[in-house]
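Asks: Chains as they are written, first to last, in our numbering: chain A, 278 to 617; chain B, 278 to 617.
Possibly wrong hints are sitting among the right ones.
In this list, chains with the same sequence are indistinguishable; a pair is considered to hold if it fits within one copy or across any two.
As a list, the in silico DSS-like pairs of lysine-lysine whose alpha-carbon atoms are at most 30 Å apart [unchecked claim]:
no.	residue 1	residue 2
1	K325	K314
2	K490	K314
3	K314	K448
4	K490	K448
5	K427	K325
6	K314	K427
Simulated from the structure, these hints should not be mistaken for lab results.
Quantities reported herein were computed from a predicted structural model and do not represent experimental measurements.
Protein chains: 2
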Amino acid sequence: MTDEAGTRGRRGSAATIYDVAELAGVSPSTVSRALSKPGRIAASTEAKIRAAADQLRFRVNPMARGLYTGRSQTLALLVADITNPVIFGIVRGAEQAASEAGYTLVIAESQESGEAEGEVLRRLVPSVDGIILATTRLSVETMHELVGDKPTVLINRDVPSIPAILPDVEKGVSELVEHLDGLGHTSIAYLAGPAASWISDRRWERLLEHTEKRGIAAVEIGPNSPTIAGGRAAVRRVRASRATAVVAFNDLLAIGLMQQLADDGVGVPAEISVSGFDDIFGSELIVPALTTVRSQLESAGARAARLLISIVDDQEPDDARHLLETELIVRASTGPAAAS
Amino acid sequence: MTDEAGTRGRRGSAATIYDVAELAGVSPSTVSRALSKPGRIAASTEAKIRAAADQLRFRVNPMARGLYTGRSQTLALLVADITNPVIFGIVRGAEQAASEAGYTLVIAESQESGEAEGEVLRRLVPSVDGIILATTRLSVETMHELVGDKPTVLINRDVPSIPAILPDVEKGVSELVEHLDGLGHTSIAYLAGPAASWISDRRWERLLEHTEKRGIAAVEIGPNSPTIAGGRAAVRRVRASRATAVVAFNDLLAIGLMQQLADDGVGVPAEISVSGFDDIFGSELIVPALTTVRSQLESAGARAARLLISIVDDQEPDDARHLLETELIVRASTGPAAAS
DNA sequence: TTGTATGCGTTATCAC
DNA sequence: GTGATAACGCATACAA
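Please construct the entire structure, taking both the sequences and the accompanying hints into account.
Replies: If you want it as structure tokens, here you go:
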């Protein structure tokens with residue numbers, strides 16, 4: 278057993294099936310079969326081939342395989358902002374599901390910019406087998422133009438004819454409104470997300486529905502950048518609205534708002550109640566801890582990846598358009614309405 | 278100008294340079310040249326070719342190109358835990374630097390497990406041009422065996438003969454010890470990170486150096502899982518040590534410790550001072566806000582990517598082993614030593 | 001400047 | 001069960 282397993286083909290390049298074939302004394306096509314299919318080959322020669330492959334440290338060249346098969350075993354996940362904690366769950370879930378199925382996940386970020394998103398997508402599309410678009414800002418036409426007929430799954434956005442993983446906004450929002458109603462609030466301000474955010478519109482719609490039903494006043498303030506800075510910037514309009522409770526599009530906005538309120542000496546929840554969406558890392562750290570509507574982001578990522586893979590592999594997509602449950606997490610940032 | 282730009286080669290597959298060549302009335306190699314090189318071709322034919330390519334929505338097949346060139350224009354970044362906020366900066370910096378240089382970044386996670394890390398790496402290595410290993414747990418031998426001669430850059434770990442981006446622990450730690458000394462602390466506990474963490478050892482070493490110099494007692498407690506749960510679990514040993522100040526390996530540990538101390542009714546910083554490393558999102562949200570040593574993680578990611586690309590492209594690696602500055606951020610979790 | 005021929009490493013189709 | 005051969009799409013060496 279020679280120690281120099283690095284006896285590669287020529288130069289310093291990696292071993293190919295030709296090298297393995299030569300060492301094992303068989304033909305290259307037999308090597309290919311032995312390493313792809315399990316038992317469609319004589320056990321003895323398969324053993325020889327495996328030994329030779331090990332000795333040469335053979336690894337199949339993904340590009341050669343991909344050129345022939347037309348598949349890269351790679352999926353793309355496009356998100357607006359990697360540093361937004363909401364994304365974690367999605368990323369981790371998608372990454373795990375992808376790698377369990379033997380796929381590699383490429384994560385790309387559009388930096389909250391529609392143009393950048395198009396650019397990134399254009400570059401990525403040719404080299405992946407499928408695409409997950411999380412909270413995209415793209416118009417429907419642009420989306421279709423860019424992805425073409427490449428399998429695509431959406432997260433947090435509903436476009437006809439494109440499979441999607443969507444939250445069941447309904448349950449969480451109804452619980453939230455019920456909670457605020459129970460605390461005596463009669464006027465709620467909704468701090469909206471970005472202008473093109475499908476999910477922000479859905480949240481607002483549901484909120485409006487439930488406040489109407491309960492005879493609570495509701496006003497939409499926005500659009501806002503879905504960041505801490507965005508929340509801080511919105512404080513003036515929030516206070517001007519005289520609402521006794523704020524529902525922010527996401528936790529980042531809510532946290533920014535609370536920080537600025539604290540700086541301004543406004544008590545939360547004594548003078549104004551604040552709540553958000555997503556239950557990000559940090560929401561239970563802040564003081565007062567944030568009341569929020571949690572979505573199952575981790576399953577969203579995993580489900581999106583599994584759904585995409587089933588489409589790519591031409592299987593029966595079993596759980597398309599299944600909704601993700603949401604639930605209210607009550608913490609300390611919401612309290613009884615201030616007597617006005 | 279026909280509207281059906283989708284007139285592809287055969288079936289529904291994408292257009293190739295052959296299709297473009299036919300439409301433009303030139304040879305495939307001319308198409309290849311026109312689209313790779315800028316001006317090494319007659320302007321008139323180049324225009325024709327571009328028009329044809331646009332009409333057919335031609336996109337070069339990355340696998341065909343890669344098969345020939347041996348390059349995938351892809352880099353891998355391996356991290357222990359995507360959901361750890363420390364990683365954000367690294368990921369974002371690396372992603373930006375990579376995509377600026379025309380590279381795609383694949384982010385993979387080892388879930389804090391050495392075995393998983395090896396597995397992931399084994400799968401990724403053949404399909405990327407280079408690798409960034411952030412806070413790896415792998416042994417030096419395993420690392421060499423897995424990456425082979427593939428260009429590699431380390432973050433937060435120093436291994437002879439492998440380029441690395443390292444923090445200058447010195448400055449931050451000396452400032453921290455000086456700060457604690459100034460507050461009258463005479464006994465410090467270091468809450469260590471995982472057993473195989475190079476960076477945890479460096480922090481402890483430096484800490485020891487500076488406490489010795491100042492005549493302060495120091496004790497290492499650990500190893501600990503670098504998570505909130507790890508911090509909570511360590512509280513008993515921390516209190517048993519009777520140290521008046523704790524320096525945690527990272528902010529997550531520090532936060533967990535503070536949460537458990539709060540649950541136990543121990544005042545921070547009144548009874549014990551707590552500090553961490555990294556200045557993650559959440560550290561200024563918690564109450565009391567966490568005193569911490571910040572590293573420039575975003576530049577670490579970007580620098581690692583740029584360094585790796587310069588190696589892959591065979592350029593002069595200009596800033597190898599340049600250290601990243603660290604600085605102390607004083608917040609509310611550290612205060613005067615309790616009278617014992 | 002442009003066209004022709006060849007090879008990158010793999011898989012699938014066809015003989016044997 | 002195994003070997004020869006063509007094809008995947010692109011980029012280069014060489015010829016024209």
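Asks: Does the structure break any of the earlier hints, and which numbers would those be?
Replies: 2, 3
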